[in-house]
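There are 2 protein chains.
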Amino acid sequence: MLKVIEFKKNKLFLLDERYIPEKKQYFVAKNVRDVAFAIKNMVVRGAPLIGVTAAYGMALGYKNLQRSAKLLLNSRPTAVNLRWAVERILNLKEKNFKAILNEAKKIHREDKKLCEKIAKNGAKLIPEGAKIITHCNTGMLATAGIGTALGIILYARKKINLVYVKETRPRLQGSKLTAWELKENKIPYKIITDSTAAYLMKKEKIDACFVGADRISANGDFANKIGTYALAIEAKFHRVPFYVAAPYSTIDFKTKKGNDIKIEEREKSEVLYINGKSIAPKGADAINSAFDVTPNFLVTALITEKGILKHPDAKKLKKLYQGAT
Amino acid sequence: MLKVIEFKKNKLFLLDERYIPEKKQYFVAKNVRDVAFAIKNMVVRGAPLIGVTAAYGMALGYKNLQRSAKLLLNSRPTAVNLRWAVERILNLKEKNFKAILNEAKKIHREDKKLCEKIAKNGAKLIPEGAKIITHCNTGMLATAGIGTALGIILYARKKINLVYVKETRPRLQGSKLTAWELKENKIPYKIITDSTAAYLMKKEKIDACFVGADRISANGDFANKIGTYALAIEAKFHRVPFYVAAPYSTIDFKTKKGNDIKIEEREKSEVLYINGKSIAPKGADAINSAFDVTPNFLVTALITEKGILKHPDAKKLKKLYQGAT
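Protein chains in written order, with the working numbering: chain A, 1315 to 1639; chain B, 1315 to 1639.
Fair warning: there could be bad hints in the mix.
A pair counts as met if it fits within one copy or between any two copies, since identical chains are not told apart.
[Said to hold, decoys possible] Straight-line Cα separation of at most 27 Å, DSS-like style, residue types lysine-lysine; simulated pairs:
no.	residue 1	residue 2
1	Lys1438	Lys1630
2	Lys1570	Lys1519
3	Lys1434	Lys1630
4	Lys1582	Lys1337
5	Lys1504	Lys1596
6	Lys1596	Lys1497
7	Lys1338	Lys1445
8	Lys1419	Lys1325
9	Lys1500	Lys1591
10	Lys1596	Lys1338
11	Lys1412	Lys1322
12	Lys1624	Lys1550
13	Lys1633	Lys1582
14	Lys1571	Lys1516
15	Lys1516	Lys1550
16	Lys1629	Lys1516
17	Lys1434	Lys1473
18	Lys1591	Lys1473
19	Lys1354	Lys1344
20	Lys1317	Lys1337
21	Lys1419	Lys1354
22	Lys1516	Lys1576
23	Lys1591	Lys1354
24	Lys1571	Lys1550
25	Lys1431	Lys1473
These aren't lab readings, by the way, just hints derived from the structure by calculation. Keep in mind it's a predicted model, so treat the numbers as computed, not measured.
So here's chain A without its partners, still in its complex pose (with noise of 0.2 Å):
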């Protein structure tokens, strides 16, 4: 199995997504300003892989733990992972290399156990020969495992009948990591443009969305990659049901609904530029917002490492888990 991510020889070796699926080729950190880089820059992305990485980045920069802290807070907002990760580094009682680097290897473990979990309790969400359909990157190329949304389909494999996957327009993290992922472990799929989800709802029977998250609310309101909202909308609207699967470590409970989630805002050039090519007139102004926000009545359930949550809410939300944050 390829190795996404792993920490040898005092550096942090990442595969770079940046050149998936041309080559596999590694960037390497060697210190938390690499990482920071890696991560604004999206070297590797996808919530649980950004905690993850963060966390071997507080690791690199151990002398000094509230520069490190600053400079990876800073490299993208909207996954609360990142946070996560960042603050139970900050909350260790001893602070130096060793018990840094353990804590940021645990956290990888950890990810790896929390993808297994929540594979195993969305597989059960999945009927025989199903027809699934995908949006951006969520999983071995965003988790530190198996991945969430598209882990419980590797997981399910034997039940897929076909994978439709959203190219997930500006940065194809769809048609050039998902498809990548479903090619390596011989899932049928077929890529899609984002426009065309509603219209295969449509069409034949399509038996649900699954989608991953960045940050959750605490009322279940959720922030993710833009064009989850309005495949939700799209969901609702024939009925679909739509999933949203993702650790604890995505939840934050600070944020109260999902209005209050800022969402990054990335270079024009990502939508006005592919392949280095413009596509737009010259002078062409765009908007570039990295997520949207879907509201918590369009969820049919939310998958995590301690079940189904059917209808997410606040309440349902703070009992399942009560005491565990």
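Guided by the hints, dock chain B onto chain A, whose structure is given.
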């Protein structure tokens, strides 16, 4: 003003839209085969413009009209304006070159006037300081005049605060063609990925969505560029008015409802490659349905040359065009 289509010296000159906005280059069609090629390969596109182009194609292919009709009708299946124009030529009493060319020129002039009437009618629906979302391209690059949906926007330019241009994957007619037209006309616009429309409807006040149509069935359901249906659902969900603009030549009274419309499936490479470069794993499969169908109940109003038809249905449409078809 740039000429998009012109017949001179027994040749048809078409502004080659495959190169917009990079360069202005003309495709010269010397015979009906060239014209069929131009339609099939989207040298020109947009239902009304396809109709006008096909009429000239019949003039070039006057020596064997049945064969010419067949060639043209096989080029693209969804836009009914193509069939409408071809049948109009076939129904001429005199079928010599001059008579056919005259009829093609008449269709050309008529389309220009239809655009003007649609623009005037639709402009009434645009409030002062409007923020509008549009999909694909429905302007002077899609018709022989100012356009349909985009024609309305151009006509009402003084009332426009901002146009959000959906890029319209896979062929990017939004970011390539619509953005170019808006820029040329100095109307403020921002390009968005197709997935961003729903997010904007939630985040800020969008006054209306304006789209065109490739075929409107007798009950007001309509086929249009893939992504139109998703936009209509999103508009309904956010109570944003959703307007469809098209001339009578786009209405197909022979087709009862939207699900009877044949949807063109195009080459998968349009999804899997951008600017000639692969964006997916080797051997990836894709779906490239060029159009989708939006049911009449999602349409706030249909704007035609005859006026504004709120909540179109079979009865209202029949009444509007009684005696005209």
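Legend entry - Up to 27 Å CA-CA - Lys1473 versus Lys1431, copy category: within (18 Å within a copy, 55 Å between copies)
Inset, instruction - Can you give me the call for Lys1317 and Lys1337, within, between, both or neither, at a CA distance of at most 27 Å? - result: Close inside one copy (14 Å), not across copies (45 Å); limit 27 Å.
Inset, instruction - Could you place Lys1571 and Lys1516 in one of the four classes (within, between, both, neither) given a Cα distance threshold of 27 Å? - result: Only across copies: Lys1571 and Lys1516 sit 15 Å apart there, 31 Å inside one copy, limit 27 Å.
Inset, instruction - With 27 Å as the alpha-carbon cut-off, assign the pair Lys1412 and Lys1322 to within, between, both or neither. - result: within (13 Å within a copy, 80 Å between copies)
Inset, instruction - Please work out whether the CA atoms of Lys1571 and Lys1550 approach to 27 Å or closer within one copy, between two copies, in both situations, or in neither? - result: For Lys1571 and Lys1550, the Cα distance is within 27 Å both inside one copy (20 Å) and across copies (24 Å).
Inset, instruction - Could you place Lys1516 and Lys1576 in one of the four classes (within, between, both, neither) given a Cα distance threshold of 27 Å? - result: between (33 Å within a copy, 15 Å between copies)
Legend entry - Alpha-carbon proximity between Lys1504 and Lys1596, which holds within one copy, between copies, both or neither at 27 Å: between (33 Å within a copy, 13 Å between copies)
Inset, instruction - Indicate which option fits the pair Lys1338, Lys1445 if close means a Cα-Cα distance not exceeding 27 Å: within, between, both or neither. - result: This pair counts as neither: shortest intra-copy Cα distance 30 Å, inter-copy 44 Å.
Legend entry - Lys1596 and Lys1338: within-copy, between-copy, both or neither at 27 Å Cα: between (34 Å within a copy, 14 Å between copies)
Legend entry - Homo-oligomer pair classification [Lys1354, Lys1591; C-alpha up to 27 Å]: both (22 Å within a copy, 25 Å between copies)
Legend entry - Identical-chain pair category, Lys1591 with Lys1473, by Cα at 27 Å: neither (40 Å within a copy, 33 Å between copies)
Inset, instruction - Have a look at Lys1624 and Lys1550 and pick one of within, between, both or neither, based on CA distance no larger than 27 Å. - result: both (15 Å within a copy, 26 Å between copies)
In summary, the numbered hints that this structure violates are 7, 13, 18.
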